[in-house]
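The listed protein sequences correspond, in order, to chains A and B.
This note's numbering numbers the first residue of the first sequence as 1 and each following residue consecutively.
This note's numbering numbers the first residue of the second sequence as 1 and each following residue consecutively.
Treat the hints with caution; some may be incorrect.
[Unchecked claim] Covered stretches of chain B (in silico footprint by chain A; criterion: 3 or more residues with CB under 8 Å from a CB of chain A, positions within the stretch not fixed): (1) 187–200; (2) 271–277.
[To be verified] Okay, derived cross-link-like pairs now, DSS-like style, lysine-lysine, Cα gap no bigger than 25 Å in a straight line: (3) A:Lys273 to B:Lys297; (4) A:Lys374 to B:Lys295; (5) A:Lys205 to A:Lys504; (6) A:Lys395 to A:Lys410; (7) A:Lys374 to B:Lys297; (8) A:Lys273 to B:Lys386; (9) A:Lys335 to B:Lys297; (10) A:Lys166 to A:Lys52.
[Stated by the list, open to error] Chain B side only, calculated, beta carbon under 7 Å to chain A, not exhaustive: (11) Ala119; (12) Gly284; (13) Asn285; (14) Ala288; (15) Leu291; (16) Ser292; (17) Gly293; (18) Lys297; (19) Gly351.
Think of the hints as simulated: they come from the structure by calculation, not from any bench.
These figures come from a predicted structure and were not determined experimentally.
Yeah, the Cβ is synthetic: ideal placement off N, Cα and C, and Gly gets one too.
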Amino acid sequence: MTTDAPILLEMRSITKEFPGVKALSDVNLVVRSGEIHAICGENGAGKSTLMKVLSGVYPYGTYSGDIVYQGQEARFSDIRQSERAGIVIIHQELALIPDMSITENMFLGNEPRRRGAIDWKVAQKRAKELMRQVGLDEDPDTLIKDIGVGKQQLVEIAKAFAKDVKLLILDEPTAALNEADSQHLLDLLRGFREQGITSIMISHKLNEIEAISDSITILRDGRTVETLDVKGDGVDEDRIVRGMVGRELSSRFPDHTPKIGEVFFEVSNWNVKHPITDRLVCKNETFTVRRGEIVGFAGLMGAGRTELAMSVFGRSYGVFQSGRIVKDGKEIQLKTVADAIHHGLAYVSEDRKAIGLNLLDDIKTSTVAAKLSKISHRGVLSEVEEYEAAEAYRKELRTKAPTVDEGVSKLSGGNQQKVVLAKWMFTDPDLLILDEPTRGIDVGAKYEIYGIIQRLADQGKGVIVISSELPELIGLCDRIYTVFEGQITGELSREQANPESLMKQMTSTKKMQTR
Amino acid sequence: MSRFKELQKNLFGGTTSNARQFGMIFTLVAIVLLFQLLTANNIGVGFGDGLTLRSDNLIALLQQNSYILILAIGMLMVIVAGHIDLSVGSVAAFTGILVAKSMAEWDFPWPVAILFGLAIGAVIGAWQGFWVAYVGVPAFIVTLAGMLLFRGANQFVGNANTIPVPEGFQDIGAGFLPEWGPDTGYNNSTLLLGLIACVAVVWREWSARRTRIEMSADPAPLWVSGIRVAIMLAVLIFVTLRFAGGRVGTSFPVSGLILVVLVLLYSFYTRNTAGGRYIYAVGGNSRAAELSGVKLKRVNFFVMMNMSVLASLAGMIFVARSAASGPQDGLNWELDAIAAVFIGGAAVSGGIGTISGSIVGGLVMAVLNNGLQLLGVGTDRVSIIKGLVLLLAVALDVYNKSQGRFSIIGSLTRPFRKDTPPAPGATGSNPEPAKTTVGG
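Kindly produce the complete structure, drawing on both the sequences and the hints.
Encoded structure:
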């Protein structure tokens, strides 16, 4: 895209204040017609706030500065007005209703009508058209809950198209997608560019931004740092990171020399059935973990990695069929989560907001939540010990919060993740299972989390990392298992692991003997 | 000015302190004073001679509402866990009739009858808890069924008749503390209780300060602590003298004492034990709680069972006070108890709420009811006013929260936050340790 394309959108010195906080100060953004414009910045840099100002979530008058859209000053007082102008935002948390069909969702709030009643015939026909446009091959009557998250994302985009979109805003569109689905989505965005649709994309995945965007605006601490022209300025990932964190990050992973001991945890012939259907989600899976070792689990979305982890962690997923768990040479029975915690297991879930934390709690209550017995004396909780434990972890993990009385809902993703880690470190586990430990977390915080994981391993604990980001697994893990459709299809050492070798085994049931 | 700010900040909590923070306690005090004034005007006497704060009225007020407040304790825990219990009135009535019958026809001595009543509550609670926790039927449905079931059972057992209860039993609902010692012109038992409460308040403030220092956080300035304790002591002494200074033979009621003990016990349980914290964890995010090793079913079973035991106790206290058990006992109690809990700041979605908040909420409703009756307002209009108060109280709280402003009720519902205003013993008759500054 040439820089002389007409300007579609210009946001001028946008300042937005919340009580006590300046979320945006004097932010400028220029988006040209027909380009893909990426917005980068660490969590809390103000990306989402800026998009909320643009889409009218924060109505005109609650911020200062001007928005010029299609050559005219825009004063949106709600989302409906911005949508009417062709600005559609797709949020990170998908706004779809699980029990409605694809068609119903696509036209929710925007139903084609005939004499006051919804015209389902027209809706069906248009739904099919739109689905073809985004490359979604499904029956339009399928319920949203029955399709995968990748396809749900496509439904969201089709929904935006149903509103006659001119400027499409995507907030972390690939955060929940696996590599293949992400790739499909990025191809789709390129296709839209050909059709002249302008996109704004917020993402933490710098490789994607580098691959797809025409220009990049970087925010830091609520201010515009710079706007880069990708082709003209020769931008690469390191260049973006430098802008985001304001310094050079020499490496994405901290230096680490593993101190690996003997095998202490072993799961063998593990079979688990889906909670409702008869399908096996874990088929005869066997794996081992050594002391001081970081073991990765690679696989596509839906391969059954989370299911494996949760079923091992006190049978908290699915219906147990058969299998043995041996820890320190002895077979153990983990029938409940309490058993698993008692035997030194910890599971940090992939969805910290939905199932990892009680968002009503503050930091200290969350920190001690999984092992209250440690701060209880004859059944009575000690407030002092609770405070001291939480404070110690806050300092150790460098959680950014004024005090441990702060509610966890007010923390950024990275700091919430640190609280969850603290919660499980507090249980003194021997084996930590971390499911997508850096999802939705910015570059700086990721580096810190990697450091924490390595320190835990160095203390002689075993760590299992489940991740959809292959570079993360390759950079962090001493050994990686690949999982495909509920089976372990391969085992690669650090030396053998590269994106190609992993991808090959993540997509095939053929067990390759690489060791 | 800075001194005043410091006082404002530390006396009733946080930096955003303003009149709202007095919250429900302030509302309660205001309502009491308002009715004191109105009743005095109504009969043409001075403010001090108003009917509301007269000894006999305060005693009656507590006796008439102790059973609702006992229900509110259990209901708070049910609601915090994310459930609801509609059956409490019927359970109370069913227990009442069985207990009355056990004494009248099967010659149970009254202490045995009380144990029998609690056992009935436990069995009913186990029944309802089973369906809620282990089968997974929503509590709304289980207890709606229970409401019909046990109302019918009451009328089936009692043939829709009234059964009287003996005098010994009546003491738990209508009895007073004994008279002893020198003639002080007051009831000495009540004076002793008041003294214990005063000592408890001072000790509590002192230990809270010590805890703060231990956490290496700054305690409130000493003079602020002094003022806070002074206010609480003044209220306590006033209320003690009122309850002790009624007609000869009256005192702080036995049912009130039962209530106070339960409030202390359950407040301690919900705030300072792992079991109590599990209830909040389950209500706040049940999946997260489960993955933290909390036994979900056990917690749900416990709160439902506990509620029915307390409902049985409330039923027996009511029967004791009215000297007989009848087919209409406990009608609409569930609604009063639920209203108390929500006025007291609990969240409909669960996870938020405190016992003391619910008690204050219940007292607001009780004082309103009592005051309007003293003024001769008919029950029709009383009901309309109570409905509006419930709606407005919760709406105000929701509004304040959505504006990101300091929430009155929110402040009451954060037991461990240092920004928590003290709850000076509710009416003061209640020597519950105030929620003083304990946080970190």
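These are the hints, each one checked on the structure:
1. 187–200: violated (count 0)
2. 271–277: Holds, because 5 residues of the stretch 271–277 of chain B bring their Cβ atoms closer than 8 Å to Cβ atoms of chain A.
3. A:Lys273 to B:Lys297: Measuring from Cα to Cα gives roughly 22 Å; hence the hint holds.
4. A:Lys374 to B:Lys295: holds, 17 Å
5. A:Lys205 to A:Lys504: Given that 25 Å is the threshold and the Cα spacing comes to 22 Å, the pair holds.
6. A:Lys395 to A:Lys410: holds, 18 Å
7. A:Lys374 to B:Lys297: holds, 23 Å
8. A:Lys273 to B:Lys386: It is violated: about 53 Å lies between the C-alpha atoms, which goes past 25 Å.
9. A:Lys335 to B:Lys297: holds, 15 Å
10. A:Lys166 to A:Lys52: Distance ~17 Å between lysine 166 of chain A and lysine 52 of chain A Cα, so the pair holds.
11. Ala119: With Cβ-Cβ at 24 Å, over 7 Å, it is violated.
12. Gly284: Since chain A brings a Cβ to about 4 Å from glycine 284 of chain B, closer than 7 Å, the hint holds.
13. Asn285: Status holds, d = 4 Å.
14. Ala288: holds, 5 Å
15. Leu291: holds, 6 Å
16. Ser292: Hint on serine 292 of chain B: holds, closest Cβ of chain A at ~4 Å, below 7 Å.
17. Gly293: Check passed: Cβ of glycine 293 of chain B comes within 4 Å of chain A, closer than 7 Å.
18. Lys297: Given a least distance of 11 Å, the restraint on lysine 297 of chain B is violated.
19. Gly351: With a closest approach of 5 Å, the glycine 351 of chain B hint holds.
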